[in-house]
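*Asks:* The primary structure of each chain is shown beneath.
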Amino acid sequence: MATRTDFGPPYFRDMLPPVIQKNYGQWKYHERIKPGLLVHVAESGDRLWTVRVGSPRLVSTDWIREVCDIADQFCDGHLRFTSRHNVEFLVSDEAKVEPLIAYLQEHGYPVGGTGHAITNPVHTQGWIHCHTPATDASGIVKAVMDELYEYFVDWKLPAYCRVSLACCLNMCGAVHCSDVAILGIHRKPPVINHDVVRAKCEIPNVIAACPTGAIRPDPKTKSLIVNEEKCMYCGNCYTMCPGMPLADPVGDGVSIWVGGKVSSARTPPKFSRLVIPYLPNNPPRWPETTAAVKNIIETWAKHARKHERMGEWIDRIGWERFFTLAGIEFKPQLIDDFTLAPETYRSTPTFKW
Amino acid sequence: MATRTDFGPPYFRDMLPPVIQKNYGQWKYHERIKPGLLVHVAESGDRLWTVRVGSPRLVSTDWIREVCDIADQFCDGHLRFTSRHNVEFLVSDEAKVEPLIAYLQEHGYPVGGTGHAITNPVHTQGWIHCHTPATDASGIVKAVMDELYEYFVDWKLPAYCRVSLACCLNMCGAVHCSDVAILGIHRKPPVINHDVVRAKCEIPNVIAACPTGAIRPDPKTKSLIVNEEKCMYCGNCYTMCPGMPLADPVGDGVSIWVGGKVSSARTPPKFSRLVIPYLPNNPPRWPETTAAVKNIIETWAKHARKHERMGEWIDRIGWERFFTLAGIEFKPQLIDDFTLAPETYRSTPTFKW
Amino acid sequence: MADSETPLLDELEEGPWPSFVKEMKRAAEKNEAAKDLLRQLERSYVDKVGHWKHGGIVGVKGYGGGVIGRYSDLPEEFPAVAEFHTMRVNMPSGWFYNTKKLRELCDVWDKHGSGLTNMHGATGDIILLGTSTDHLQPCFDDLAEIGFDLGGSGSDMRTPSCCVGPGRCEWACIDTLELLYDLTMTYQDQLHRPMFPYKSKMKISGCPNDCVAAVPRSDIAIVGTWRDKIRIDPVEVANYANDGLDIVQEVVMLCPTRCMTWDGKTKTLTIEDAECNRCMHCINLMPKALRPGVERGATILVGGKAPIVHGALLSWVIVPFMKIEPPYTELKELLDKIWEWWDENGKMRERLGELINRLGMRNFLKAVGLPAVPQMVKAPRANPYYFWDPEEVK
Amino acid sequence: MADSETPLLDELEEGPWPSFVKEMKRAAEKNEAAKDLLRQLERSYVDKVGHWKHGGIVGVKGYGGGVIGRYSDLPEEFPAVAEFHTMRVNMPSGWFYNTKKLRELCDVWDKHGSGLTNMHGATGDIILLGTSTDHLQPCFDDLAEIGFDLGGSGSDMRTPSCCVGPGRCEWACIDTLELLYDLTMTYQDQLHRPMFPYKSKMKISGCPNDCVAAVPRSDIAIVGTWRDKIRIDPVEVANYANDGLDIVQEVVMLCPTRCMTWDGKTKTLTIEDAECNRCMHCINLMPKALRPGVERGATILVGGKAPIVHGALLSWVIVPFMKIEPPYTELKELLDKIWEWWDENGKMRERLGELINRLGMRNFLKAVGLPAVPQMVKAPRANPYYFWDPEEVK
Ligand code: SRM
Ligand code: SRM
Ligand code: SRM
Ligand code: SRM
Ligand code: SF4
Ligand code: SF4
Ligand code: SF4
Ligand code: SF4
Ligand code: SF4
Ligand code: SF4
Ligand code: SF4
Ligand code: SF4
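Residue numbers (our numbering), protein chains in the order written: chain A, 345 to 697; chain B, 345 to 697; chain C, 22 to 415; chain D, 22 to 415.
Hints listed in this document are in silico derivations from the structure and should not be mistaken for laboratory results.
Treat the hints with caution; some may be incorrect.
[Said to hold, decoys possible] Listed next, the stretches of chain C that the computed footprint assigns to chain A, with coverage defined by at least 3 CB atoms under 8 Å from CB atoms of chain A:
1. 44–52
2. 234–240
3. 280–291
4. 354–366
Cβ atoms here follow ideal geometry from the backbone N, Cα and C, with glycine treated the same way.
Put together the whole structure using the sequences plus the hints.
*Replies:* If you want it as C-alpha cells, here you go:
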C-alpha cells in the first residue's frame with residue numbers, strides 16, 4: 345500500500361454538532377450561567393450549552409473513552425477541547441445540562457474554568473518527555489491546582505487569571521504573557537563533555553546559539569569553552585549540542601513571573617515579569633512554589649478592582665507597591681540587564697516608598 | 345603674575361538681592377499674576393516680583409549692558425537668567441513692577457514665557473560657530489518665535505510647551521525631551537577625503553564611533569570605507585575625523601519631533617518622537633519648518649485638555665490619531681529600526697482607524 | 022502505599038485536581054512503556070533531573086517532521102521506554118470532535134503506543150506520547166486510515182491553530198475554523214517538510230480577545246476585527262444597567278480610549294466610534310447589548326515568539342485590516358512573500374521576528390510590499406538614526 | 022537694504038521676537054570679527070552649509086578644557102574670523118548676577134573678543150563667542166581678575182548647573198545653589214582637566230518639576246524630593262476651589278496615582294500619602310494650599326545623555342532617597358565611586374549610561390555598593406536571561 349501523505353486533519357465540519365452546523369457563524373450572544381456553564385444563543389433562537397471541565401492534559405486513552413461515554417450520553421457524541429486543554433461538553437438539550445453537571449461533579453471532573461476564574465494552566469512536558477527541562481511540568485501543575493482548586497470551580501477573582509508553566513527557557517508553555525508564570529530555570533553553566541562535542545556538534549552553530557556570546561572554540565581540545573561569567577544558563581547550547589548538559593539537582597528549580605496577559609481587552613498584551621528568581625525543585629508537591637503562586641493570586645484578588653487583570657492592577661499601583669503588598673523581597677536578578685534593559689529602568693523621581 | 349587657576353565661579357550669594365538673602369529657602373508660595381510676571385511670597389511676608397523677558401540668547405555686550413541698565417533702574421542691580429535663557433528681573437519694590445513692564449514692552453522686550461506659554465527655545469550654535477551643523481540654530485529659532493510670539497507673551501495654551509532646536513544629532517539643544525523639537529539632519533553619507541583621514545585620524549577610533557558599524561578599514565588606501573547602505577548620516581565619524589564631512593546643501597535639513605517632556609509632573613519624562621523626517625533648509629525664514637511647528641502646536645492647543653502636555657495628549661488619543669488631526673503624512677522613516685525598535689512596534693489589534 | 026514503587030508520585034494522586042499520575046497508572050495497567058515511564062518519572066522525582074537523552078531523529082516516510090525522537094538515559098532500568106517517541110497529530114480546527122473519531126484514535130494508539138496522550142500539546146496538536154521506532158510507520162499508516170495526519174515539528178510551518186470562532190462565538194469577525202483548515206491544506210508541504218530557517222507558527226483568533234494567544238505565541242497572527250461601528254441595542258444596555266452592572270465603573274471607566282459616555286438618567290450609552298480602538302471590553306461585559314460591527318476582516322501581526330535566542334517578542338501589526346474571504350488570495354500572497362523573504366535572509370534558528378529586528382522593519386515592509394502606516398507603531402522612533410534612499414535625496 | 026551685504030540675514034531683523042542679527046550688527050559696529058562673522062553667516066545662508074573647519078585644539082595654561090577652538094574655512098574672505106574660539110565661562114549658581122559683575126564681564130570681553138556672547142550656553146556656561154588664539158590667555162587672566170573661571174569642555178566633568186531653588190522657589194527640597202557651588206569647588210580638577218573616558222554632566226533640580234532638565238540632560242542627576250506627607254492647608258484648598266479651580270478635573274483626575282479624593286460638599290481634599298508618588302502636579306496647581314513634606318532629600322539618577330553613540334538615554338534612579346546636607350559626604354563618596362568605576366571600565370567616548378548598559382546595571386550597583394530596590398525599575402525584567410553568583414547556588 346503506497347503511503348498516503350499530506351491529506352491534512354479531519355475536516356472540522358464533520359465534527360460539529362447539528363446545532364452548530366445550523367447556526368454556524370450566527371451566534372447572537374452568550375451568558376455565563378454559573379461557573380463552568382455557558383449558554384450561547386443563536387439568531388435563530390437556538391441555544392447551545394457548554395459545560396467546561398478541567399483535564400490533567402496528560403491523559404490515558406481510557407480517560408478519552410470515558411469522556412466520550414459522557415459526551416455520548418449527554419451531547420449526542422459531541423465535545424471539544426479548549427485552547428487551554430479543558431474539555432467542553434456541547435449540549436443542545438437543556439434538559440441534559442444539569443444531569444450532566446451532576447454526573448461530572450460526582451465523578452470528580454472539576455466543572456469550572458470559565459469567567460473570572462483560574463482555568464487550566466497551559467504547561468509542558470517536564471521530566472515526562474523532554475530532554476531540556478529544569479523542572480517537572482505536570483507535577484507542579486497538579487500541586488498548584490490542588491491549592492487553587494476553589495478558584496477554578498468558583499468565581500472568586502476580580503478578573504481572568506491565567507497560570508502557565510514551562511519547564512525550561514524554551515517556554516513551550518508560552519508562559520511569557522501569563523498572569524502568573526512558573527518557569528523552570530537552570531543556575532549552573534553547561535558541563536562540557538568534550539568527546540560528545542567533538543563527535544556530535546557543529547561548533548559554529550553552537551557558538552551562534554549563545555545569546556550572550558559566552559561560547560568560544562577551544563583549538564586545543566577541538567571543542568568549546570564557556571565563559572562562565574557570561575553564561576546565564578539558558579540551555580540554548582544544549583539544544584544544539586548534547587555535549588553541554590546543564591541539568592543539575594541543586595542548580596535547577598523554578599522562577600515566578602507575573603502580570604502578563606494575552607487579550608487586548610482594555611489594555612494590550614503584556615509580558616510577564618520576574619518576581620521570584622528561584623525556588624527549589626521540591627517534588628512531589630513543590631510547596632515553596634505553590635505557596636508563592638497562591639500568595640500572589642490572593643494578594644491580587646484582595647487588592648484589585650473588578651475586571652482588573654494582574655498586570656493591570658500592578659500597572660495601577662506600581663511594581664514597588666506590588667512587592668510590599670505581596671511581601672516578596674526584591675532581588676538583584678529582577679533588574680534587567682539584557683538587550684532592552686534600559687526600557688525597564690525608572691527615569692523619574694516619582695515612585696512610591 | 346602666576347596664573348591663578350581652579351578658583352571657580354563667583355559665589356552666588358554675593359549676587360542675590362537683599363530680599364532673597366533674607367528669605368533664602370523661606371519661600372512660602374507664589375502666584376502667576378499675568379504672563380511674564382510672578383510673585384513669590386516668603387514666610388516672612390516679604391514679596392519678590394519676577395518679570396521674565398525673552399532673549400535672543402546670542403547677544404552683544406551692549407545688550408547685556410542695556411539689560412543691566414534696566415536692572416539698575418528697577419531692581420537695584422539684580423537679575424538672573426533662566427535655564428532656558430530668558431532674563432528675569434528681580435523686583436523687591438511693588439511700585440516698580442508695572443513701570444518696569446511698561447518700559448520693557450516699550451523697548452521691544454517680550455514679556456512672557458511663564459505658565460502655559462511657549463518659552464524661549466533652548467538651542468545651539470548652528471552655522472554661527474559649530475563645525476558639524478546640518479542647519480542653522482539662531483535663524484530658525486528667530487523665524488519660529490516670530491510666528492509663535494503670541495504664545496510667548498500670552499496664556500493661550502493648554503499647558504507648558506517647550507520648543508527646542510539642535511543643529512545636528514549631537515543634540516546640544518537636548519531636544520530629545522521637548523514638546524516640539526527641531527533637529528538638523530544630514531541625509532548623505534560622509535564624503536571621504538583619504539588624505540585627511542590618513543594624516544589626521546585614528547582609524548580604530550573612527551570605526552568604533554560608528555553606531556551602525558558602517559565603517560571599515562580599507563587596507564588598499566590605508567584609509568576607510570563607508571558602507572553607504574548602513575550609514576544613517578549621524579556625523580559621529582566626522583566628529584572623530586575631519587576627513588569625513590557630511591554637510592551638503594541638498595542633503596541637509598531639518599526634522600521635527602514631538603511629545604517629549606522633562607518634568608515628572610503627572611507623567612514621567614518622555615522622549616520626543618519623529619513626525620516629520622525632513623524639511624529643507626530654506627533660509628532665512630525656513631517657512632516649511634515654521635509652518636510645521638505652528639501647525640503642530642495649534643493642533644495640540646485646539647484638542648488637548650487643560651494641563652495636558654503635547655506628549656500626554658498624544659498618549660491619550662494615540663499616535664495614529666495625532667497624524668490625522670495634524671494632517672501629517674506618516675513616512676517609513678518614522679518606524680524605528682535602531683536597537684530598541686521592537687519596543688515601539690504595536691503588538692495589539694487595538695488602534696484607531 | 023508503603024510498598025509502592027512510586028511513593029513520591031503517589032502523593033500526586035491525592036487532591037481535588039484530576040491526577041496525571043492516576044492516568045499514568047491506568048495506562049500502566051495495560052502497557053509496559055507507560056509503566057516504565059511512571060517508574061522513570063519517580064526516579065526523576067528522586068534525582069531532581071530528567072532522564073531522557075538528548076534528541077534523536079526519527080520519522081515516517083515522506084515527512085521531515087511530526088515525530089519527536091526520545092530515548093531514556095537509563096534504558097537498562099527502564100527498557101520499555103528505551104525508545105519513547107512522540108507523534109504530533111494534527112487536530113481538527115477548533116479542537117472539535119465526535120466521539121467516533123476519538124475512539125478510533127484511542128484504538129490506534131493503544132495498538133501502537135503507550136496509551137498516554139496530551140489532549141492537547143501547547144501548539145495544539147494531539148500529542149501521542151511514547152512509542153518505539155518500529156511502530157512509527159505502522160502507527161502513521163493506521164492514523165492515515167482513520168483520517169489523521171501528522172502536525173509539524175522542526176524547522177517547518179508548525180501546526181496552526183485557531184479559536185472556536187463561528188463555531189460557538191458571537192464575536193468571530195472571521196471564519197477562523199474554515200480559514201485554518203484552508204491554510205493547513207494549502208501549506209501541507211511547508212507543514213510536513215522542514216525547509217525554513219526555523220519554526221514558523223501561525224494562530225488565528227476571531228477577535229481581539231485572542232483566545233488562542235496568537236499575538237504572543239505565533240510568528241504570524243491573524244486576529245479578527247472590524248472597521249465600522251459597534252452595534253448597540255439600547256434596550257439591552259439598559260437591561261444590563263438595571264440588572265446591576267455598574268456601567269460607569271465597570272465599562273466607561275475601563276474603556277481604554279474613554280470614548281464612551283453614559284447618561285444615567287436616560288440610561289443611554291453613547292460610543293464615539295471613531296475613537297474606539299475595538300478592545301472588546303465593553304462588548305465582553307454586555308454581549309447581549311453590544312456587538313462588533315459588520316465590516317469585518319483581520320489585523321495581521323508578525324514576529325511573536327518565546328525567548329530563544331534574542332528574547333521573547335509579541336507579534337507586531339503589519340496589516341491593520343485585511344478582508345478575509347475565500348479563497349484568501351491576498352492573505353496567501355502575503356504569507357508567501359513573508360516566508361520567501363525570511364527563507365532568503367534568515368540565518369539558521371532565526372525566527373521571523375528576530376530577522377525583522379536584524380534587518381529592520383523598514384526593509385521587511387519594503388520586501389513584502391506593505392506601506393508604512395501609524396497603526397504599525399505604538400509610537401514613532403525616538404532616535405535620529407534613520408535612512409534615506411539616495412533617490413529621495415535630490 | 023538693496024546694498025546690504027547681508028540681504029538674507031537682514032530679513033531676520035524684522036518680526037516681534039528679539040533679533041540675534043541686530044545683536045550681531047551691534048557688535049559688528051565695534052568689532053571686525055563680529056562683522057566677518059555676520060558676513061560668513063550670510064554666506065552660509067546662501068550656501069546652506071556651515072563655514073567652519075573641523076575642530077582645533079587651543080586652551081589656556083594649566084587647563085585642558087574650557088575653550089572650543091574654531092577656524093573659518095574661508096579665512097581669506099573672512100580674515101577676522103580665521104581664528105574664532107569660544108570660551109566657556111562658569112556661571113554663578115542659578116545664573117544670579119548683579120549688574121556690576123556683568124559689566125565687568127562685558128568689559129573684559131570687549132577688550133579680548135568679538136563682543137558677542139551666549140547668555141547662556143545649553144550646558145549653562147557663559148559663552149564668550151569668538152576670539153583669537155593669542156587673546157585666550159590674556160582674556161582668561163582678565164577674567165580671573167574679576168573672579169570668573171572657565172567651565173568644562175572635552176572629556177571632563179562639564180560645568181554643572183542647578184535650578185533657582187531656595188533662591189526663589191518654595192518647592193526646593195534641597196539647597197540646589199549651595200550644593201552646586203560646593204560640588205563645583207570640590208571638583209575643580211575634574212572640571213578643568215579632561216581625564217575621563219568622555220564628558221560627564223551633572224545637574225541639580227530642587228524638585229521633580231526638574232526645571233534644569235537634570236533627568237534627560239545629565240549623566241548624574243540630583244533631584245529634590247521628600248519622604249513624608251504633602252502638607253495641606255485646607256482653608257487655602259477651599260479658596261482655590263472657590264476661585265474656580267476645578268479640583269476634580271484639574272487635580273484629582275490628573276493625579277497619576279489617583280490617591281486623592283475630593284469631597285465637594287465639605288470642600289475637603291484628602292491625600293492617601295502612601296500612594297502619592299510626589300509628582301508635584303497637585304502642588305503645582307495649588308501652591309498656596311499644598312507643599313512638599315518636611316523630610317527632604319534627593320533622588321539620584323544616572324546615565325542621561327543625548328543620542329551619541331548608542332541612542333539618547335534618560336537618567337535612571339540609583340538612589341531613591343539621600344539626605345543632602347553639608348558637607349555632602351555621602352553624595353561625594355558616591356560620585357567618587359561612580360566616576361572611578363566609569364573611569365576604570367569605560368571605553369573612549371562611552372558615557373556612563375552606555376557603560377552601565379554594556380556591563381549591566383547589576384554590575385554597576387555592585388561596584389558602587391548600592392542595594393537593588395524596586396524603585397529603580399519601572400518593571401522587573403521580562404526575559405529569563407539572568408545570572409547567579411556561584412556562591413548563591415548551593
Ligand atoms: C474556549 C476558549 C476558546 C477556544 O477556542 O478554546 C474561549 C472561549 C471564550 N472566551 Fe476566551 N476562550 C479561551 C481562551 C482564551 C485565552 C487564551 C489563553 O488563556 O491562553 C484568552 C487570553 C487570556 C489572556 O489575556 O491572558 C482569552 C481571553 C478572553 C477574554 C478577555 C479577557 C480579559 O478581560 O482579558 C474574553 C472576554 C471576557 O470573557 O470578558 C473571552 C471570552 C470568551 C468567550 C466568552 C467568548 C464567547 O462569546 O464564547 C468564551 C467563554 C469564556 C469563558 O471561559 O468564560 N476570552 N480566552 C478558550 C478557553 C480556554 C480555557 O479552557 O480556559
Ligand atoms: C526659572 C526656571 C528655573 C531656573 O532656575 O531658571 C523655572 C521656574 C519655575 N518653574 Fe519651571 N522653571 C524653569 C524651567 C523649567 C523646565 C526646564 C526646561 O523647560 O528646559 C521645566 C521642565 C519642562 C518640561 O517638562 O519639558 C520646568 C517645569 C516646571 C513645571 C512642570 C510643568 C508641567 O506641568 O510639566 C512647573 C510646575 C508648574 O508650573 O505648574 C514649574 C514651575 C516653576 C515655578 C512656578 C516654580 C516656582 O515656584 O518658582 C517657576 C515659575 C514657572 C513659570 O515659568 O511660570 N516648572 N521648568 C526655569 C525657567 C525657564 C524659562 O525661562 O522658561
Ligand atoms: C510538546 C510541546 C510542549 C507540550 O507539552 O505541549 C513542546 C515540546 C518541545 N519543544 Fe516547544 N513544545 C510545544 C510548544 C511550544 C510553544 C507554544 C506554542 O506553540 O504556542 C512554544 C512557544 C512559542 C514559540 O514557538 O515561540 C515553544 C517553544 C519552543 C522553543 C523556543 C522557540 C523560540 O524561538 O524561542 C524550543 C527550542 C527549539 O526550537 O530549539 C522548543 C523545543 C521543544 C522540544 C522539541 C525540545 C527541543 O529542544 O528540541 C520539546 C520536545 C518535548 C518532547 O520531548 O516532547 N519549543 N514550544 C509543545 C508542542 C505540542 C504541539 O505540537 O502541540
Ligand atoms: C555650546 C553648546 C551649544 C550651545 O550653543 O549652547 C555646545 C556646543 C558643542 N557641543 Fe554640545 N554643546 C552644548 C551643550 C550640549 C548639551 C546640553 C547640555 O549640556 O545640557 C548636550 C546634550 C546633553 C549631553 O551631553 O548628552 C550636548 C551634546 C553634545 C554631544 C553629544 C554627546 C552625547 O554623548 O550624545 C557632542 C558630540 C561630542 O561630544 O563629540 C557635542 C559637541 C559639541 C561641540 C563641541 C562640537 C563637537 O562636535 O566637537 C560643539 C561646539 C560648538 C561650538 O563651536 O561652539 N555636544 N552638548 C553647549 C555648551 C554650552 C555650555 O557650556 O553651556
Ligand atoms: S519548556 Fe523546555 S523542557 Fe519543557 S517541553 Fe519545552 S523544551 Fe522541553
Ligand atoms: S547555557 Fe546559554 S548562555 Fe550559557 S553557554 Fe549555553 S547558550 Fe550560552
Ligand atoms: S547640535 Fe551639533 S552642530 Fe549644533 S552646536 Fe551641537 S555639536 Fe554643533
Ligand atoms: S555618518 Fe554615522 S552612520 Fe555614517 S559612517 Fe559616519 S558614523 Fe557611521
Ligand atoms: S478570540 Fe474572540 S472570536 Fe475567538 S473565541 Fe475568543 S472571543 Fe470568540
Ligand atoms: S471596544 Fe474598547 S475602546 Fe471601544 S468602546 Fe468598547 S471599551 Fe471602549
Ligand atoms: S525644579 Fe522645583 S525647586 Fe527647582 S525651580 Fe523648579 S519647581 Fe522650583
Ligand atoms: S503629588 Fe502627584 S501623585 Fe502626589 S497627590 Fe499630588 S498629583 Fe497625586
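*Asks:* Please go over all the hints and tell whether each is borne out by the structure.
*Replies:* Taking the hints in turn, this is what the structure says about them:
1. 44–52: holds (count 4)
2. 234–240: holds (count 4)
3. 280–291: It is violated: at least three residues are needed, and the segment 280–291 of chain C offers just 0 whose Cβ sits closer than 8 Å to chain A.
4. 354–366: violated (count 0)
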